[in-house]
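> Here is what each chain is made of, one letter per residue.
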Amino acid sequence: ETGVTQSPTHLIKTRGQQVTLRCSSQSGHNTVSWYQQALGQGPQFIFQYYREEENGRGNFPPRFSGLQFPNYSSELNVNALELDDSALYLCASSFTHSDTQYFGPGTRLTVL
Amino acid sequence: GDSVTQMEGPVTLSEEAFLTINCTYTATGYPSLFWYVQYPGEGLQLLLKATKADDKGSNKGFEATYRKETTSFHLEKGSVQVSDSAVYFCAPRNAGGTSYGKLTFGQGTILTVHP
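Protein sequences, first through last, are from chains A and B. Everything in the first sequence is counted per the numbering used here, starting at 1 for the first residue and increasing by one. Everything in the second sequence is counted per the numbering used here, starting at 1 for the first residue and increasing by one.
These are computed hints drawn from the structure, not numbers from a lab. For every residue, glycine included, the Cβ atom is placed at its ideal position computed from N, Cα and C. A hint or two may mislead.
Unchecked claim - Some but not every residue of chain A turned toward chain B, in silico, with C-beta under 8 angstroms: (1) Q48; (2) G56; (3) A87; (4) L90; (5) T110.
To be verified - Ranges of calculated distance between the beta carbons of each label pair, as one might list FRET restraints: (6) B/Q45 with A/Q17: 28 to 34 angstroms; (7) B/V82 with A/T5: 24 to 30 angstroms; (8) B/E16 with A/N71: 30 to 36 angstroms; (9) A/I12 with B/G78: 40 to 46 angstroms; (10) B/S83 with A/N77: 35 to 41 angstroms; (11) A/L112 with B/A53: 18 to 24 angstroms; (12) B/A53 with A/L83: 41 to 47 angstroms.
To be verified - According to the in silico footprint, chain A covers these stretches of chain B (three or more CB under 8 angstroms from chain A): (13) 55-69; (14) 103-109.
Please model the complete structure; the sequences and the hints are all you need to start from.
As structure tokens, this is what we get:
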């Protein structure tokens with residue numbers, strides 16, 4: 001059984017650019033959640049997608065947006081990048097929105 | 001909103017010592033409780049969970065009991081190993097409202113175990 005995978009592993013962007021991060025959920029999981037983890041901090045909830053619909057959102061501005069596809073894979077898009085967006089972005093999948101979340105290895109984004 | 005208070009680290013122990021990492025939380029409704037572990041340069045791995053009061057989660061020698069009266073979920077291990085060195089996160093999962101299913105994390109507790 002394949003676990004949660006994320007791509008790319010690392011990414012470097014400059015301020016003002018846009019970025020797309022990708023996540024493939026674990027087999028059989030229909031829910032994907034995204035978290036941002038700044039250096040030395042705990043992860044912060046960005047949003048969750050359940051059966052292709054946004055199912056909850058944390059305290060992040062609208063320039064953070066997402067998609068979930070029919071195969072339940074997901075994208076996180078961030079527009080107008082700021083220096084403070086530099087972080088590890090974690091994706092987690094679960095059988096449903098109320099089940100245990102399993103995390104991928106993360107994408108390390110650096111904004112210069 | 002939900003919040004978590006974890007024991008401040010870093011925690012430094014010798015191999016085979018007893019480990020306790022305290023965790024208290026505030027949450028809406030009746031959350032499920034989780035401990036995740038993060039090794040350097042990696043994502044989070046589920047360590048253990050408990051879904052109702054007095055449940056004990058356990059895995060790899062680690063244990064934690066869901067204490068509803070004290071809103072606590074302290075992590076314990078009787079004999080730590082060097083390989084347990086990592087960052088540990090306690091996280092309640094939101095049980096209602098607009099962010100149902102959301103995990104709330106504290107800052108984490110860094111554990112270093114010396115031989």
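> Hint by hint, say whether it matches the structure.
Structure-based check of each hint:
no.: 1; hint: Q48; result: holds (6 angstroms)
no.: 2; hint: G56; result: holds (4 angstroms)
no.: 3; hint: A87; result: violated (13 angstroms)
no.: 4; hint: L90; result: holds (6 angstroms)
no.: 5; hint: T110; result: violated (14 angstroms)
no.: 6; hint: B/Q45 with A/Q17: 28 to 34 angstroms; result: holds (32 angstroms)
no.: 7; hint: B/V82 with A/T5: 24 to 30 angstroms; result: holds (29 angstroms)
no.: 8; hint: B/E16 with A/N71: 30 to 36 angstroms; result: violated (47 angstroms)
no.: 9; hint: A/I12 with B/G78: 40 to 46 angstroms; result: holds (44 angstroms)
no.: 10; hint: B/S83 with A/N77: 35 to 41 angstroms; result: holds (38 angstroms)
no.: 11; hint: A/L112 with B/A53: 18 to 24 angstroms; result: violated (49 angstroms)
no.: 12; hint: B/A53 with A/L83: 41 to 47 angstroms; result: holds (44 angstroms)
no.: 13; hint: 55-69; result: violated (count 0)
no.: 14; hint: 103-109; result: holds (count 6)
When the structure is compared with the earlier hints, violations turn up for hints 3, 5, 8, 11, 13 and for no others.
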